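**Q** Protein chains in written order, with the working numbering: chain V, 7 to 367; chain W, 41 to 208.
Keep in mind that a hint or two might mislead.
To be verified - Covered, in the sense of this in silico footprint (three residues per stretch, anywhere, with C-beta under 8 Å from a C-beta of chain W), are these stretches of chain V:
id, segment
1, 38-44
2, 257-268
Claimed, not checked - Derived EDC-like pairs (lysine to aspartate or glutamate); straight-line CA-CA distance at most 16 Å:
id, chain 1, residue 1, chain 2, residue 2
3, W, Lys52, W, Asp70
4, W, Lys68, W, Asp48
5, W, Lys135, W, Glu161
6, W, Lys163, V, Glu291
7, W, Lys163, V, Glu125
8, V, Lys51, V, Asp155
9, W, Lys163, V, Asp158
10, W, Lys181, W, Asp167
11, V, Lys273, V, Glu291
12, V, Lys156, W, Glu161
13, W, Lys199, W, Asp167
If you are wondering where the hints come from, they were derived from the structure by calculation, not from laboratory data. Everything numeric in this text was worked out from a predicted model, so none of it was measured. In this text, a Cβ means the ideal position worked out from N, Cα and C, and glycines have one as well.
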Amino acid sequence: MKIAPLFEAQAEPTDAAASKCAIVLTTRVRLARNLSGQPFPGWAKEAQRSAMLSESMAAVAGLPQMKKGLSLTVEELSELEKQILVERHLISRELSTAKRGAGVVISRDQSTSVMINEEDHLRIQVMRAGFQLKKVWNVINTIDSEIEDKLDYAFSPTLGYLTACPTNLGTGMRGSAMMHLPALVISSQMEKVVRAVNQLGMAVRGLFGEGSDASGSIFQISNQTTLGEAEEEIIKRLSSVLNTIIEHELNARTKLLESDSNKLFDKIGRAFGILQNGQLLTSAEVMNLLSLVRLGVDLGVFAEARRPVIDRLFIEAQPGHIQYAAHGAFESAQRDRLRAQFLRAEFAKFGPPDFNVTGKN
Amino acid sequence: MANSLKCDLCGKPATVHLTQIVNSKVHKVDLCEGCAQAKGVTDPSGFSLADLLLKASLNPEQPANVVRCEQCGATQADFKKLGRFGCPACYEAFKEIVEPMLGNMHKGTVHVGKVPQRALERKSLYDRLTHLQGELDEAIKTERYEDAARFRDEIHQVKQTFGEKTLS
């Protein structure tokens, strides 16, 4: 398997240290960049795409940040490998279905990935565990400047970085945070939050971006507009929206504990029981169960050190990862059995819950 | 009927009226029930009025005169169909349809963020070099040798700066 090295190294998506901010799982910034004087990937002929792919791939793979990284073209990847990369958020669904002449360069720690010939020539992405928007922006800004040394970007002084779709024009930047908001979901406040966030020009999506559902109470919040505002301003505005959402989630948790702590702890206890003993588990169900156990960690029911385990399982319980671990292709019913088996093993060593907590939230 | 509003997308009587404030600008859409459902307006997660407005403004209504991007050959119709441009030069070629869209879509219509400083410097040096090379060839052809010597010196100078830039 071409992507085997991804499972050998310590990786940002699955092994990051416990973050201080429990509500924000990961922060990510992506930049859309294009080569000057070249047709965008969707319009380019195959030969043009291949030429741009090899030029860009060589430039990106040569960055110091990509030392010992992986350079992969879509042609050389199997369906399963592409699915795994999507589940780890290293490539988009769009790239996984791309025609010939597209690829990705992934850093050894999987915190940085550069997709080539997706919607734009380059989609640079930097990801970190926890709430670190500013830091992530600084890191990606440096990488972008280094790529700029080697490739000529399409840029207009008035319109900024030119992108295939005008919705990304200007900074070409999308900052986003993956947020775990179980209390807002349980207390049916999410719709209200989504509306408020939308009105502030921010988008709310499910775990796997556009069109995906919010299983596991995980939501992706990102800026919608990219032109007319500097990157730092967008980051600042997004951060303040994220902080407000965190506050609402914490309030919702306090309310749930005050009004209905038995009911809440019952949900968490049952989730734990099913993960420990279930025999057939779909990935949607597992996402929701893991979400409840993660809430349990936040409330002190389980040890703090268990949170990174849950965050890793959010990824490893996905269909592609289950099949990779079992070395083969399996029907969905068989996957549910394998998934349950995998989770039983993980939760056998998880440590018992302690419900004698008075909301250490 | 009291309600004379028509769906912005298909023209049927509109029953869903939506207002969204993006960056303190008010956007309004009127939709019939079918379109509202098809566009996911009723699903508050993942719905963005900006996307809808983009698609609505792309809906082919009047057959515009065919504007073609000289660089890549894409037409306005291609953009309307795909929602994406053919190449960076399309922004100039289709200026008239892009510019009115940007105000609805974004916070402003002029870029105020990062500028690829190093790339721009490199490009201006490169342009200068090409220009000087042309002048030099012309001077030699017309036997203006003093001018030619001057251009050669300048080229040498620019190349030195260029070399330093790319090496550093």
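**Q** So, for every hint listed, does it hold in this structure?
**A** To see whether the hints hold, each was checked on the structure:
Counting residues of the segment 38-44 of chain V whose C-beta lies closer than 8 Å to any C-beta of chain W gives 4; at least three are required, and the coverage claim holds. Counting residues of the segment 257-268 of chain V whose CB falls under 8 Å from any CB of chain W gives 0; the rule of at least 3 is not met. A hinted pair counts as satisfied when its Cα atoms are at most 16 Å apart, and W/Lys52 with W/Asp70 qualifies at roughly 10 Å. For a cut-off of 16 Å, the pair hint linking W/Lys68 to W/Asp48 stands: about 10 Å separates their Cα positions.
The suggested pairing of W/Lys135 with W/Glu161 is violated, with an alpha-carbon distance near 26 Å, which exceeds 16 Å. Between W/Lys163 and V/Glu291 the CA atoms are separated by roughly 54 Å; this puts the pair beyond 16 Å, and the hint is violated. Only pairs whose Cα atoms come within 16 Å are accepted, and W/Lys163 paired with V/Glu125 is rejected, the gap being roughly 25 Å. Only pairs whose Cα atoms come within 16 Å are accepted, and V/Lys51 paired with V/Asp155 is rejected, the gap being roughly 26 Å.
Under the criterion of a C-alpha separation no larger than 16 Å, the hint pairing W/Lys163 with V/Asp158 is consistent with the structure, at around 8 Å. Taken as a hint, the W/Lys181 and W/Asp167 pair is broken in the structure, with Cα atoms around 21 Å apart against an allowance of 16 Å. Under the criterion of a C-alpha separation no larger than 16 Å, the hint pairing V/Lys273 with V/Glu291 is consistent with the structure, at around 13 Å. Our distance criterion of 16 Å between C-alpha atoms is met by V/Lys156 and W/Glu161, whose separation comes to about 13 Å.
Straight-line distance between C-alpha atoms of W/Lys199 and W/Asp167 comes to about 12 Å, which keeps the hinted pair within the 16 Å bound.
The structure does not agree with the numbered hints 2, 5, 6, 7, 8, 10 stated previously, though it agrees with the rest.
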